[in-house]
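Chemist: Residue numbers (this note's numbering), protein chains in the order written: chain S, 0 to 526; chain R, 2 to 326; chain Z, 1322 to 1614.
No lab work stands behind these hints, which were simulated from the structure alone.
Just so it is clear, the structure is predicted and the values come from calculations on it, not from any experiment.
Accuracy of the hints is not assured; some may be wrong.
[To be verified] Below, in silico cross-link-like pairs of lysine to any residue (SDA-like), each with a Cα-Cα straight-line distance of 20 Å or less:
#1 Lys59(R) / Arg413(S)
#2 Lys411(S) / Gly1471(Z)
#3 Lys411(S) / Tyr1580(Z)
#4 Lys505(S) / Ser1577(Z)
#5 Lys1503(Z) / Lys79(R)
#6 Lys1503(Z) / Gln218(R)
#7 Lys444(S) / Ile52(R)
#8 Lys255(S) / Tyr1580(Z)
#9 Lys79(R) / Ala195(S)
#10 Lys79(R) / Leu99(R)
#11 Lys59(R) / Ala119(S)
#12 Lys59(R) / Ala120(S)
#13 Lys411(S) / Ser1577(Z)
[What the hints assert, rightly or not] Computed footprint of chain Z on chain R, listed as stretches where at least three residues anywhere in the stretch have a Cβ under 8 Å from a Cβ of chain Z:
#14 8 to 18
#15 34 to 46
#16 299 to 306
We put the beta carbon where it would ideally sit given N, CA and C, even for glycine.
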Amino acid sequence: MVVQTARFAVTGLICAALSLAGTLSAAAAELRIGLAADVTSLDPHFLNVAPNNNAAWQIFDALVHVDANARLAPGLALSWRAIDPTTWEFKLRKGVKFHDGSDFTAEDVMFSLERPATLAASPGPFTGFVKPIAAKKIIDPWTIQLKTAAPYAMLLHDLNSIFIVSKKAAAGAATEDFNSGKAAVGTGPYKLVRFARGERIELARNDAYWGGPRRAAWDKVTLRILPADSARIAALLAGDLDAIENIPTADLTRLKTNANFRLEQKVSWRTMLLHLDQYRDHPPGLGDKSGKQLAKNPFKDARVRLAMSKAINRRAIVERVMEGHAIAAGNLVSPPVFGHVDALNAEAYDPETAKRLLAEAGFPDGFALTLHAPNDRYVNDEQVAQAVAQMLARVGIQTKVETMPASVYFAKARAGEFAFALLGWGSFSGDLALRALLATANADKGYGAWNWGRYSNPKVDALLEQGFATLNETKREALARAAATLALKDVPLILLHHQLASWAMKKDIAYSPRTDEYTFARDFRPN
Amino acid sequence: MPVFIIRRLLQSVLVLFFMSLVVFVGVYAIGNPVDILINPQADQADIARAIAALGLDKPLAQQYLIFLKQALAGDLGKSFAYDIPAIQLILERMPATLELALLATGMAVLLGIPLGLWAGLAPDSWPGKLIMAGSILGFSLPTFWVGLMLIMVFAVELGWLPSNGRGPSTELLGVAVSFLSWEGIRHLVLPAVNLALFKLSLIIRLTRAGTREALLQDYVKFARAKGLSNARVVGVHVLKNIMIPIVTVIGLEFGSVIAFAIVTESIFAWPGMGKLIIDSIKVLDRPVIVAYLLVIVSLFILINLAVDIVYSLLDPRVRISEAKG
Amino acid sequence: MQREQTPLQRIVADFAESRLALAGLALFTLILLAALFAPLISPQNPYDLAQLDVLDSRLPPGSRSGDGLTFWLGSDDQGRDILSGIFYGLRISLWVGVASTFCAMIIGLAMGLCAAYFGGRTDGVIMRLVDIQLSFPAILIALILLALLGQGIGKTIFALITVQWAYYARSARSTALVERRKEYIEAAMCLALPPARIVFRHLLPNCLPPLLVIATVQVAAAVALEATLSYLGIGVPITEPSLGLLIKNGFDYMLSGKYWISFFPGIALVLTIVSINLVADQLRDVLNPRLQK
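The task is simple: from the sequences and hints, build the whole structure.
Modeler: So, in C-alpha cells, the structure goes:
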C-alpha cells in the first residue's frame, strides 16, 4: 500500500506560495498562542494526554501523521506496505536532521519504539501503542520492518501516537532532561528554547525542517498556558496574544462579528453521547415517579431507548446550547473520520412517537431517572445535560441532573454508579470507537473498556474482529461501517452531537483547523 | 519562651503526620488518577498496568507506610502528572504566590488601617460613611467576578495593564522575583488588587470597630484629659489597643491568601502554587497534594507562632509562658 | 461590672437613630420576604426542568418566552427566568450563608473559648486542629465530601462549616486570652464559680463584639465561597442554582455582551449583603454596652 504523493505535492506548492508571502510580510515575527490546558512534561513518551502531545507535536514527529481530516498521511515514514499479513515495511524519509544536526535513521525509530515501555511510573503510558509490535528489524538505515503477532490493521494509527526522539540525545534521559531541553531533540518544525512549567513554552523555528514548503512561517513561537477561558479570551482581546484555541461557545458569536479577529472552525472528532445501563435489573437512580423501584429495567427495552432518543431535540441543543457550534450526530464518529456512515442520520425530534413508544413498552406514565454528567470535561457539558433533562421531562421521563468534576465522575462511572451518563468520545476511526464503546466487554481482548451500558451483540463483535485483521483500508472501512450500522440499529446508546473545534486569531493570521483539535504552530500563516 | 517554641514544634510534627494521613484517605476516597489521565483507548490490561506502576494497586495502609518511609528519608515522591519531585514543583511556584500574597497583604494593611481609623474617628462624616460603604462592596462581590471586571476595564477597554501572567523575573537572593522590573510590577497590579480587596475591607472594618470602642474607654479619656495631642492619643493609645485582633487577622489572612489565592491565580493565569494545587486536585496527583499541604501547614504553624509572639510583645498581659499551662 | 438589663424599647429607639440602618432593615425585610415567598411570587419555578425550554435561552430583559411568559430580567442559558431564579436563588444563598456561618461560629467560639480558658494540652490540641483546618483548601474538602456524600445543599453547608469554624476558633481564642487576664474574670475565678459559668456568662459576652464583626463579613464570605465552589463545579446542584451559581453561569457570557444573566443576580447578591451589614453594624453599636453615650 503505497500512499499517493500527488495530493501532498499540490498542497505543498500552495503552502510554499503562502509561506513565501508570509516571510515577506512578517519577517522575524513572533507568534504568541494561548493554549487551554497545562503541559505537564515535554517528555513525549511519558504521559499520553492531549495537551502534552500537542506540545510534543511542535518539537517532534511521528512515522505516520494524520491530516486535518484525521486521515493518515506520511510523516517521517515516506511510505509503507504490508509484506505479509503480519509484517509491515516502512521506508523512512531521507536527509531528515534532528535539531542538533545529527541524521535521523532507523536506529532512532527502534529506540523510540522501545522507550515507552522503559518509563515505569506513568499514569497514562504510551505502552498500548507499541504492545502489538512483536518484532522489529532494521533492513537498512532508511528501511524498517515491524512484525505483529496477528494481522493488525491499527498499527498505522498506533504509530501516529509514538513520537520519534533522537537516540543520541534521549538515551538514558529522564523527564527533567526533556524539560530542560537537553533531550528534547526532535525533527519537528520548531526547536525548544525554554519550558517554563505552567507558564509558557518558547520555540524557535527549525530551519532544517523536512517539511520544506510546509516550513513554519514564524521565527519565534510562544505557547502560553491559559486554562481559564476568560483569561485566554481577554488576553486575545487585549492584544497580549495572537491566537488562542478552545473558544467557549459563549464568546464565539462575539469574536465572529469582531472585525479585528478571525475565527477558524472544523468539526471535531469528539462525539457526545449518553450511555444507558442495559445489564442490571435495577440500575441506580431509576424508579417510578414516587421513587419506588420499577418492575423491570426500562433501558433493556429497545423501544424505550428509541423513545428517549426521539424525545431529544438535537437541533435545539446544537442551536441554543452549543450556539450553532456543533452538528447533530447520527454516527459514533464525525463526518471526516474513517468509518463514518453517511446513510446514518441523527434521530429526528418526535416527542409524539416517543410517548407512544413509551406507552407500548409499558411506561405510559414514564418513569424517573438521574442523568449524570461531568462539569469540567466537555464543551458545555452541564448545559447539555440540563437540556436533555428538560426534553425527557416533556415526554414524561422525570429527570434529575447530577454533575461533578471529572476527577470524581470517571471513578464513579467505572464503579458502575451511574445508569444514565454523559460521555464524550474522540476516535481516529469508527471501528476503534465501536471497540471501546459498544463491543462486548472483554478485558483480555481489550474490548468494551468504555461500554458502561454493557450492550452486547456477537455479530458486531465478529465484524470488528474481522475488520482489525483486514489490512486493506477500503475493505476495513466497509466492515467498520457495517458494524456501526448494525450496532446503532439497536439504539445501544443515545448520540447527541459532534463538537466543532474553534480557534480565534488576529485578522492578519490564518490557521488550517484540525479535526483532532490540535493546535500546530506550523499551521498558522500570515494572511 | 524556648520551651514554648520547642513544644510547639513537636506538636507541629504530629500535625504533619495527621495531615498526610487525612490527605491519603481523602484522595483515595475521591478516585483514581489513572482513570483521569490514561488514554481513553487504553484497554483494561493497560489500565491495570498503569495502576500497578504507580503503586496504587496496593492496600491504602501499605501505600501510606511506603510514603512515610520515603518521607522520613526526605522524599515526598514524584508527581504523577509531572514526573518530577513534588516538592520541587511546589518550591518552584512558591515565589510567585508569596510575592502576590505579600503585596496584597501589604496593600490591605497600609490602606486598611488608616482608612479604618478615619472611619472610626469620624463615623458620621461623609468620608467615614463612604469608606464603610466601600468596604461593604469590597467583600460583597465574589473574587472571580471582580477579577474579570478588572481585566475587562483595565486591560481590555483601557489597555493600561496586561491582562494576565507574570512579568519577567529576576533573581534576588536566589529567589525568582518579578517586582524589580517595571514590566513585572505592571503584571502584579491587577491580581494583587483583586486579592487585596477582601482583606482590605476586613481590616477597615476591624480597625473601625476597634477604634470606636477604644475611644470610649477610660484610658483614652484619661489621656485626652491629660492634654495629650490628638495624634498621640490615636497613634499610641488607640492604635496599640486595637492591634491584637488586627494582627491575628493579618496573620490568618496572610496564610489564607496563600492557601486560597487559587481563584485569583487561575483568572489572571498567575503561575503560583494555587494554580498548581487546583490542577493537581483535578487529576488527583496525590504526591503534589500531600507535599503542598505539608508546606502550607508548616507555613501556617510558623505564622501562628509569629502571631503568638507578636501578641506577647503588643500586650504584656498575654504571657507566652502561660500558653503551655 | 454588671449593667442593668437594657430595655427592648431603648434598643429600638437607638437603632432607629440611623436612617441608613432603617433603610437597610427595610431592604433586608423585603429580601427576606422575597426569599420566603419565592414560590408564590415567581413567574416560573426555575428548579422544575419541565417548565424550562432551551429555545427560550439567553433572551434579553423584557422578552417573551414561547409560552407567553415575560422575562422581565431576561433568561439564562437554560431558558430560566432570571427574576424567578433570583427569588429562588436568594433562598438558597441566604440559607447556605446564614446556616453555615452560624454553625461555624458556634463551633469555633466554643473551641476558641475552651482553648483560651483551659490552656495547656486542650489549647494545644485545638489550635493544632485549627492549623490543619485553615491550611486545608476548601476545594479539597468540598471535593472529598462530594465524592463521599454526593451533591446537595446540605452537603455544601457542611463543607462550608468545615472550612470556616477554625477561623472563629482562632479569633475567639486570641480575644479570650486578653479578656482572661482581666480583673473581672480573675474575680469570678476567686469566687470559685463553675468554669462553664465563667466561660459563658463572663468570657463569652466580652469576646463577642469582634467576632460579630467577622461573622457579618463572613456571611458574605460564605455566600461568595459557595459561589466559588459552584464556580469550580463542587457546590450546589446545577439545576437548583443559588445566586452565586447564577452569577457563575452568566459569568461565561459577560465577555459576549449578554450581561443580564450575571448582572442582575450580582446586584441581588450585593444588595443582600449590604443590607445585612447595615443592619448588623447598627445592631452591634446599639448592643455594645461600652459604646453607650
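Chemist: The structure should be examined with respect to each hint, and the outcome stated for every one.
Modeler: So, going through the hints one by one against the coordinates:
Between the alpha carbons of Lys59(R) and Arg413(S) the distance comes to roughly 19 Å, so the proposed pair stays at or under 20 Å and holds. With a C-alpha separation of about 11 Å, the suggested pairing of Lys411(S) with Gly1471(Z) holds against the 20 Å cut-off. Of the pairs offered as hints, the one joining Lys411(S) and Tyr1580(Z) is violated, with about 36 Å between alpha carbons and a cut-off of 20 Å exceeded. In summary, the hint linking Lys505(S) to Ser1577(Z) is supported, as the alpha carbons are separated by about 17 Å, within the 20 Å threshold.
Proximity of Lys1503(Z) to Lys79(R) is assessed by CA-CA distance (about 52 Å); at most 20 Å being required, the pair is judged violated. Our distance criterion of 20 Å between C-alpha atoms is met by Lys1503(Z) and Gln218(R), whose separation comes to about 15 Å. As the CA atoms of Lys444(S) and Ile52(R) are separated by approximately 19 Å, the hinted pair is consistent with the 20 Å bound. For the hint pairing Lys255(S) with Tyr1580(Z), the CA-to-CA distance comes to about 18 Å; that is within 20 Å, so the pair holds.
The straight-line distance between the Cα atoms of Lys79(R) and Ala195(S) is roughly 18 Å, inside the 20 Å bound, and the hint therefore holds. This hinted pair does not check out: Lys79(R) and Leu99(R) have alpha carbons roughly 23 Å apart, beyond 20 Å. Proximity of Lys59(R) to Ala119(S) is assessed by CA-CA distance (about 16 Å); at most 20 Å being required, the pair is judged to hold. Taken as a hint, the Lys59(R) and Ala120(S) pair is honoured in the structure, with Cα atoms around 15 Å apart against an allowance of 20 Å.
Between Lys411(S) and Ser1577(Z) the CA atoms are separated by roughly 35 Å; this puts the pair beyond 20 Å, and the hint is violated. Coverage of the segment 8 to 18 of chain R by chain Z holds [criterion: at least 3 residues with CB-CB distance below 8 Å; count 5]. Taking a C-beta to C-beta cut-off of 8 Å, the segment 34 to 46 of chain R contributes 0 residues in contact with chain Z, too few for the three needed, and the coverage statement is violated. Coverage of the segment 299 to 306 of chain R by chain Z holds. Counting CB-CB distances below 8 Å, 4 residues qualify, and the rule asks for three or more.
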